[in-house]
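Given the coordinates of chain S, work out where chain L should sit on it, guided by the hints.
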Amino acid sequence: DAKTTQPPSMDCAEGRAANLPCNHSTISGNEYVYWYRQIHSQGPQYIIHGLKNNETNEMASLIITEDRKSSTLILPHATLRDTAVYYCIVGSPISSGSARQLTFGSGTQLTVLP
Amino acid sequence: DVKVTQSSRYLVKRTGEKVFLECVQDMDHENMFWYRQDPGLGLRLIYFSYDVKMKEKGDIPEGYSVSREKKERFSLILESASTNQTSMYLCASKWDRGISPLHFGNGTRLTVT
Chain S
249 DAKTTQPPSM
259 DCAEGRAANL
269 PCNHSTISGN
279 EYVYWYRQIH
289 SQGPQYIIHG
299 LKNNETNEMA
309 SLIITEDRKS
319 STLILPHATL
329 RDTAVYYCIV
339 GSPISSGSAR
349 QLTFGSGTQL
359 TVLP
Chain L
739 DVKVTQSSRY
749 LVKRTGEKVF
759 LECVQDMDHE
769 NMFWYRQDPG
779 LGLRLIYFSY
789 DVKMKEKGDI
799 PEGYSVSREK
809 KERFSLILES
819 ASTNQTSMYL
829 CASKWDRGIS
839 PLHFGNGTRL
849 TVT
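Going down the list, the sequences are from chains S and L. Oh and the first sequence: position 16 is 264 in this note's numbering, straight run, nothing missing. Oh and the second sequence: position 102 is 840 in this note's numbering, straight run, nothing missing.
Source of the hints: derived by calculation from the structure; they are not laboratory data. Take these hints with a grain of salt, some might be off.
Claimed, not checked - Stretch by stretch, here's where chain L covers chain S in the computed footprint (C-beta under 8 Å, at least three residues):
id	region
1	300-310
2	352-360
Stated by the list, open to error - In silico DSSO-like cross-links for lysine-lysine, where the CA-CA straight-line distance does not exceed 27 Å:
id	chain 1	residue 1	chain 2	residue 2
3	S	LYS300	S	LYS317
4	L	LYS795	S	LYS251
5	L	LYS795	L	LYS756
6	S	LYS317	S	LYS251
7	L	LYS756	L	LYS808
8	S	LYS251	L	LYS793
For glycine and all other residues, C-beta sits at the position ideal for the given N, C-alpha and C.
Okay, chain S solo, but in the shape it has when bound (with noise of 0.2 Å):
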C-alpha cells in the first residue's frame, strides 16, 4: 500500500475551514483515499473517501489533485468537538492472501481554537 506523508498537527479558528492536506505521491490506480479521525479515548471514526473526483459527504468534503498525488480534506465551519487527529489511508480492495489493508501512519492533529 502506499504511504502518506501529513503534517503532524495544525489549528483552525472555530467556525472557519479546516483544510488538511495529505501527500500519497506513490499511490497507484486502484488506491482509494480514505480518510478519518479520532477523537481522543474514541475509535477512529469514518469521514469520506474516493478515487479521483472530489466527493462531499455531511461532514466533509475531499478534493483529489488531477494526478492523484496529494489530497486534501476540508471541514467547512470546524466547531470545537472537530478538534481530533486525522488520518489520510491509501488502500486497494483486499485481494486474496493480502495480509495488509489500510495502513494507518501517525495522523494530523488538528485542533480547533474558540
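Relative to the frame of chain S, chain L by itself:
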C-alpha cells in the same frame, strides 16, 4: 449506523494470564479486524477475518490468536499476556473486501502488569 461493540473499555491483567477481547458488530459485515494502537506507531493490524472460521495474519500476529465462530463476533486472544502487550486494542468491521470503509469500536485499553 454500524455499531461495533467491544466488551471492555479498560482491562488490567497479570503477566501470563490468558486474555480474551471480544468484539461484536451488528451490521452483518463479512470482514472483521483487530488492531493495536501505540503512541508513535499508529495502528498496526494484528489479525483479520473474511468470514466465519476464516482468519489471516496481519502485520504483528505474534503472541495473539483469534476466533470467529459466528459472523458477528471476532475475538482476540492473548494466550499468555506480557507487559509489551499493554496497548489500546481496536476492533473494526467492513461490509466487503472492496472499497467500503472500516467501522471501529471504541477500543479496549489493556494494561498487563
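Going down the list of hints, with the structure as the test:
Residues of the region 300-310 of chain S with a Cβ under 8 Å from some Cβ of chain L number 0, which does not satisfy the need for three, so the listed coverage is violated. Counting residues of the region 352-360 of chain S whose beta carbon lies closer than 8 Å to any beta carbon of chain L gives 4, which reaches the threshold of three, so the coverage claim holds. Pair hint LYS300 of chain S plus LYS317 of chain S holds up; C-alpha atoms about 10 Å apart against a cutoff of 27 Å. For a cut-off of 27 Å, the pair hint linking LYS795 of chain L to LYS251 of chain S stands: about 21 Å separates their Cα positions.
For the hint linking LYS795 of chain L to LYS756 of chain L, the alpha-carbon distance of about 20 Å falls within 27 Å, and the restraint holds. Distance check on the hinted pair: LYS317 of chain S and LYS251 of chain S sit about 11 Å apart at the alpha-carbon level, within 27 Å; holds. This hinted pair checks out: LYS756 of chain L and LYS808 of chain L have alpha carbons roughly 21 Å apart, not beyond 27 Å. Pair hint LYS251 of chain S plus LYS793 of chain L holds up; C-alpha atoms about 25 Å apart against a cutoff of 27 Å.
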